[in-house]
Amino acid sequence: MSKHQVAMVMDLNKCLGCHTCSIACKRLWTRREGMDAMWWNSVNTMPGQGTPRNWEGMGGGFDSSGQPIPGHLPTYAEFGEAWEFEHEKVFFGGNPDATLLPLGDDPSWGPNWDEDVGAGEYPNSYYFYLPRICNHCTHPACMEACPRKAIIKRDEDGIVILNEDHCRGFRFCQEACPYKKIYFNTASRVSQKCIFCLPRIEKGVATACSRQCPGRVRFVGYLDDPEGPIHQLVYKYGVALPLHAEFGTEPNVFYVPPLSPPKFDENGIEVPGLRIPIEYLESLFGPKVKIALSTIEREMQRKRSGGTSDLMDLLISRRWLDMFKPFDKHPKDSTDVQPVKFFARGERK
Amino acid sequence: MRSQRVAAIENYMDAGAPSWSSVGAQSITMIPAPLPMQPNPYIQKSWKNRPYGLANQLFVACVHDGRRAAFRLRWHSASKTLAQGEDFPDGVAIALPVRGDPPLILMGTPDEPIHILLWQAGLPEPRSLLATGIGSSRSGPSVGASVHAHWADGRWALVVTRDLSSGVDIAPLEAGGATRVGFALWNGANKERAGIKAVSGDWTTLTLDR
Numbered sequence: 001m002s003k004h005q006v007a008m009v010m011d012l013n014k015c016l017g018c019h020t021c022s023i024a025c026k027r028l029w030t031r032r033e034g035m036d037a038m039w040w041n042s043v044n045t046m047p048g049q050g051t052p053r054n055w056e057g058m059g060g061g062f063d064s065s066g067q068p069i070p071g072h073l074p075t076y077a078e079f080g081e082a083w084e085f086e087h088e089k090v091f092f093g094g095n096p097d098a099t100l101l102p103l104g105d106d107p108s109w110g111p112n113w114d115e116d117v118g119a120g121e122y123p124n125s126y127y128f129y130l131p132r133i134c135n136h137c138t139h140p141a142c143m144e145a146c147p148r149k150a151i152i153k154r155d156e157d158g159i160v161i162l163n164e165d166h167c168r169g170f171r172f173c174q175e176a177c178p179y180k181k182i183y184f185n186t187a188s189r190v191s192q193k194c195i196f197c198l199p200r201i202e203k204g205v206a207t208a209c210s211r212q213c214p215g216r217v218r219f220v221g222y223l224d225d226p227e228g229p230i231h232q233l234v235y236k237y238g239v240a241l242p243l244h245a246e247f248g249t250e251p252n253v254f255y256v257p258p259l260s261p262p263k264f265d266e267n268g269i270e271v272p273g274l275r276i277p278i279e280y281l282e283s284l285f286g287p288k289v290k291i292a293l294s295t296i297e298r299e300m301q302r303k304r305s306g307g308t309s310d311l312m313d314l315l316i317s318r319r320w321l322d323m324f325k326p327f328d329k330h331p332k333d334s335t336d337v338q339p340v341k342f343f344a345r346g347e348r349k
Numbered sequence: 350m351r352s353q354r355v356a357a358i359e360n361y362m363d364a365g366a367p368s369w370s371s372v373g374a375q376s377i378t379m380i381p382a383p384l385p386m387q388p389n390p391y392i393q394k395s396w397k398n399r400p401y402g403l404a405n406q407l408f409v410a411c412v413h414d415g416r417r418a419a420f421r422l423r424w425h426s427a428s429k430t431l432a433q434g435e436d437f438p439d440g441v442a443i444a445l446p447v448r449g450d451p452p453l454i455l456m457g458t459p460d461e462p463i464h465i466l467l468w469q470a471g472l473p474e475p476r477s478l479l480a481t482g483i484g485s486s487r488s489g490p491s492v493g494a495s496v497h498a499h500w501a502d503g504r505w506a507l508v509v510t511r512d513l514s515s516g517v518d519i520a521p522l523e524a525g526g527a528t529r530v531g532f533a534l535w536n537g538a539n540k541e542r543a544g545i546k547a548v549s550g551d552w553t554t555l556t557l558d559r
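Listed in order, the protein sequences are those of chains A and B.
Quick note on numbering: this note's numbering labels position 36 of the first sequence as 36, and the sequence is numbered without any gaps.
To convert, count from 1 in the second sequence and add 349; that's this note's numbering.
Keep in mind that the hints were calculated from the coordinates and are not lab data.
Just so we're clear, the structure is a prediction, and the values are computed from it rather than from any experiment.
Quick reminder that beta carbons are idealized off the backbone N, C-alpha and C, glycines included.
Some hints here could point you the wrong way.
[Stated by the list, open to error] Examples of chain B residues lying across from chain A (beta carbon under 8 Å, computed):
(1) 383
(2) 386
(3) 388
(4) 389
(5) 390
(6) 391
(7) 394
(8) 395
(9) 432
(10) 435
(11) 484
(12) 542
(13) 543
(14) 544
Between the sequences and the hints, there should be enough to build the whole structure, so can you do that?
If you want it as structure tokens, here you go:
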């Protein structure tokens with residue numbers, strides 16, 4: 001058991017699917033060779049197949065008796081390849097009217113292919129955005145599948161980290177992760193995944209995905225800090241829920257489920273009922289989603305009627321830095337910061 | 350197995366070199382590495398009822414010239430799979446005990462390591478590894494290893510060479526000496542990697558001509 005567990009809560013009522021989080025992570029961590037198609041943070045429209053395509057049906061994780069479930073090894077075609085474009089021609093081709101066109105054959109899948117497709121029938125179609133990272137699980141299926149113990153869970157903060165010096169690219173971890181959030185670098189031939197911005201966390205700086213989010217969707221903190229927002233949202237108010245808890249890995253990323261927009265009849269008149277079917281939300285976030293939604297609605301109503309609500313103040317997040325305590329340092333203000341050095345394989349002795 | 354002394358190892362660097370025709374090859378029986386010995390329940394469960402390690406014969410011949418030793422290895426492999434993209438490569442490993450009496454099937458122990466020369470199709474150099482148990486292998490000492498590999502007609506043919514040497518953590522190979530040797534094979538097209546492999550069940554004695 002780790003002494004502390006860093007955790008994240010994402011409020012799906014606020015996510016507008018802008019992907020700033022994905023780009024923040026891409027710019028910081030996955031710009032290097034072999035990482036083109038990696039999205040350690042990804043945002044997908046739900047209902048949808050996401051990335052890798054149909055990851056929810058790819059197995060992995062544990063069954064109800066704690067036994068590992070064999071998983072499918074996702075391919076880059078299933079994740080969605082990184083598309084190439086005619087940048088050289090546009091930048092240097094000398095034609096001021098050139099437009100950016102793709103190179104190669106038309107793709108048939110991408111990491112966000114089914115964006116905004118959603119489900120349901122007009123006028124009651126529905127969807128929401130689901131950002132996902134490695135869940136730094138308390139019972140990581142990836143760690144238990146690695147025959148070389150190249151994956152460890154850190155004692156001091158519960159971050160699950162892959163040691164690339166020990167990794168041989170066997171990819172049992174990729175099969176075993178039920179969230180399919182591990183990638184394989186075909187250049188360096190090791191597996192790679194979200195590190196919860198470990199070098200920033202160690203300096204008291206929140207993850208890049210969280211700080212860059214313009215919607216104030218993401219809370220970062222210690223799950224075990226009773227004063228912190230994570231603990232309160234998860235345990236005190238019960239409004240932050242794990243994704244697919246039945247996978248058995250005890251994820252440490254939690255979601256505040258989305259309230260529905262109004263439902264309409266064929267004349268455009270509002271009718272009662274949840275536009276996002278409760279069964280769908282329960283299939284993602286478990287049986288407590290009903291209570292979580294009614295708690296949120298009750299507290300919203302309280303505020304509307306002029307009352308006070310600690311929960312609403314938490315979720316509204318007027319003071320941005322309160323979302324990240326104690327990781328509220330600015331990257332440039334954390335002391336003795338050195339640029340992170342990336343080593344070529346075998347370079348570090 | 351005998352490592353015949355020859356005049357110049359340079360004549361044996363290619364598996365197809367005519368010099369090899371006068372060197373007797375030994376057929377090593379290979380068996381799938383036992384599933385109950387895989388190091389964790391995930392691997393045991395996910396490979397249950399999935400065939401692996403089916404290449405049941407490895408033909409090995411060995412020569413040395415007093416400075417370097419060469420192992421010629423040949424086995425049937427219907428497909429040729431290189432370490433590129435998302436593929437798992439075909440591979441072969443030669444294991445030698447470093448000291449004491451390490452159990453081959455356990456890949457050595459902390460006090461009695463084994464040295465491994467690992468070749469993976471598509472990579473230019475074989476890797477030198479030291480193992481002190483299943484799942485423990487780390488970078489090993491330099492033994493001047495090189496490889497020449499060729500696949501044709503459903504068969505791999507390799508020559509792996511290394512220095513005759515001894516020293517700390519180096520599995521000793523010396524003219525006039527005797528040691529033991531073991532092998533492992535991976536069929537990349539069958540997604541074999543790690544302990545999902547064919548192995549020689551136990552050591553084979555290797556004596557080197559003076």
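Going down the list of hints, with the structure as the test:
1. 383: Since the shortest Cβ distance to chain A is 14 Å, the answer is violated.
2. 386: violated, 11 Å
3. 388: holds, 4 Å
4. 389: Where the cut-off is 8 Å and the nearest Cβ of chain A is about 6 Å from residue 389/B, the hint holds.
5. 390: Given a least distance of 5 Å, the restraint on residue 390/B holds.
6. 391: Holds, about 4 Å.
7. 394: holds, 6 Å
8. 395: Holds, because the Cβ-Cβ distance from residue 395/B to chain A comes to roughly 4 Å (cut-off 8 Å).
9. 432: holds, 7 Å
10. 435: holds, 6 Å
11. 484: At 5 Å from the nearest chain A Cβ, residue 484/B passes the 8 Å test, so the hint holds.
12. 542: holds, 5 Å
13. 543: Because about 5 Å separates residue 543/B from the closest Cβ in chain A, which is inside the 8 Å limit, the hint holds.
14. 544: holds, 6 Å
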